[in-house]
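Which chain is which? The protein sequence lines are A and B, in order.
Note that the first sequence covers residues 1 to 93 in this note's numbering.
Note that the second sequence covers residues 94 to 352 in this note's numbering.
Do not rely on the hints blindly, as some may be mistaken.
As the list claims (entries may be wrong) - Pairs of lysine to aspartate or glutamate, EDC-like flavour, derived with a Cα cap of 20 Å: (1) Lys-33/A to Asp-22/A; (2) Lys-62/A to Asp-152/B; (3) Lys-62/A to Asp-286/B; (4) Lys-62/A to Asp-29/A.
Source of the hints: derived by calculation from the structure; they are not laboratory data.
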Amino acid sequence: MDLKAERLTIEIEIKNHFFMPDKIEIPVDTKVKLVVHNRDSTSEEFESYELNREKLIAAGRKVNIFIGPLAVGEYPFFGEFNQKTAQGLVIVK
Amino acid sequence: MIDAVIIVLRETLEASLLVAFLFVYSNHFSVNKKWMYWALIVGIMLSIFIASELPDISDLFDGRGQEILFVVVLITLSLLIQLTNFIVMLPKYLKSNQTTLRMLFFCIIVLAISLEGAEIIVFLQSSIASGDRFYSHLLGSTLGLGIGVSVGAVSYYLLSQSSKSSLVVCFILLMVVTAGMGSQAVSYLMQADFIESSYPIWDSRWLIDERSIIGQLLYALIGYEATPTLIQVLVYSGYIILPVTLLLYIKMIHYRKVG
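Same shape as in the complex, but just chain B:
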């Protein structure tokens, strides 16, 4: 049962935290949350579809279909989140962009749930087929889902307490979440032999093991990997350095014009 808790918790955590951060944004900019609930439903439906088609998807492109699907979703998701961060950090454009934010939130939640949800569904299908373990797996999965959603709810509650600093915290956390997605996409590209793999540039297992609870939490939150390759670290850094530089540049030009 404990395996089921961990498997489902791992998949749920990232999506749950993502939804929590977007809820904070939506509160701050008075974006109607109704769309986000619809996104949950559409996301679950899409994850059921992906789970049922995954065997055939995997066989596409000379057995690289699964990696291509995951990379496309991860890159799209990360870019949509980065775009959202930009709109949020440039409030002078916001008034005309309520609809854009709503659309972005919708797409982000749908995509985030579709991949993580598909993995949970494949796991549950596997449990059903295995027969005797189904009930313990179902109980474990429910617990994992409950803990994951609770962590998201607590994060949302904590971040809702202070409006100004919570925006900055959400901005930073969402940015590192996208960096983690970028790094994960690189890992899939190596797995499918689209790019050459290389030796890891460090090994921090002695400090935080990816199997540990902290390791799992950090994986969901900041895309922590104990043995990353150089390309992964470069992509991860790019996801942080590029938007921050661009944002500072835009703000600087704006203040120069105003000043």
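Here chain A stands alone, though its shape is the one from the complex:
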């Protein structure tokens, strides 16, 4: 399972309080490692009620967040400190 997780790594950046990309597609029933780079000069908290995930990301740092296996559907996530702009979506197909 770990080897599989290593293969399924998706990189996301936070820039000017936006997620880039803000939509990511992942396969159904698969564990995925999200690597979130915070390129801003302020901290952010990656949060998702649907994914049951929350993690603080200091300015200029990166964190790993494991998600899945997930059923087909859409799972929104957001930056808690900048919710107006930092919005994203995990699409499971």
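Starting from the known structure of chain A, arrange chain B on it as the hints suggest.
Just chain B now, kept in the frame of chain A:
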């Protein structure tokens, strides 16, 4: 500003309710509250330390440091609260345990404030760095803090009205708070890939959305999650079933001896 109110309120509510319940216990068992005020100060200092070190803590253990810290604090906190509940529910041991209760209250408040406080501080630091939004965030945070503390104060006032039933209410509420902490710890362990995640066993978003005010309140009070996994539900149930069974067993043995 409203975002700041919600962020700080969410972090404040749980700690505020926890302090309120412990205040009810301390009234009932005449435990000096002076220690609890010191715990507030130590907790705030610890939260400042955690907030400042969090970037480096997060990088530890192959990027799993944040989750490990949160899980260790949550599990320790939940066990200390369960221990407190046991001492409170077994009053025949209480006379010699005033000091133990005082120590437990102190540690619980310090730990509860340290995590929640650290998140508020990181948020405020982020607001300061962002410049223009600082004052609206500061105002929102103050409001959130005020509402959170007020909910705790009102709970304390309501629970102080009747001494016998308030003890039972506090016991039950503290128990479900610990169950919520256990479930949250499981979620962090999944996030850091220490344990395998799985599909949620139910989806109650149609009934209560975690984003709603009731959802947020229930999250703080009973650790409500709309889409929990099986392990989370098992851990949550264990936090309730195990202590209640053990407590009933001890009481039964005691009554048998007396009878």
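Cross-check of the supplied hints:
{"no.": "1", "hint": "Lys-33/A to Asp-22/A", "result": "holds, 16 Å"}
{"no.": "2", "hint": "Lys-62/A to Asp-152/B", "result": "holds, 9 Å"}
{"no.": "3", "hint": "Lys-62/A to Asp-286/B", "result": "holds, 17 Å"}
{"no.": "4", "hint": "Lys-62/A to Asp-29/A", "result": "violated, 25 Å"}
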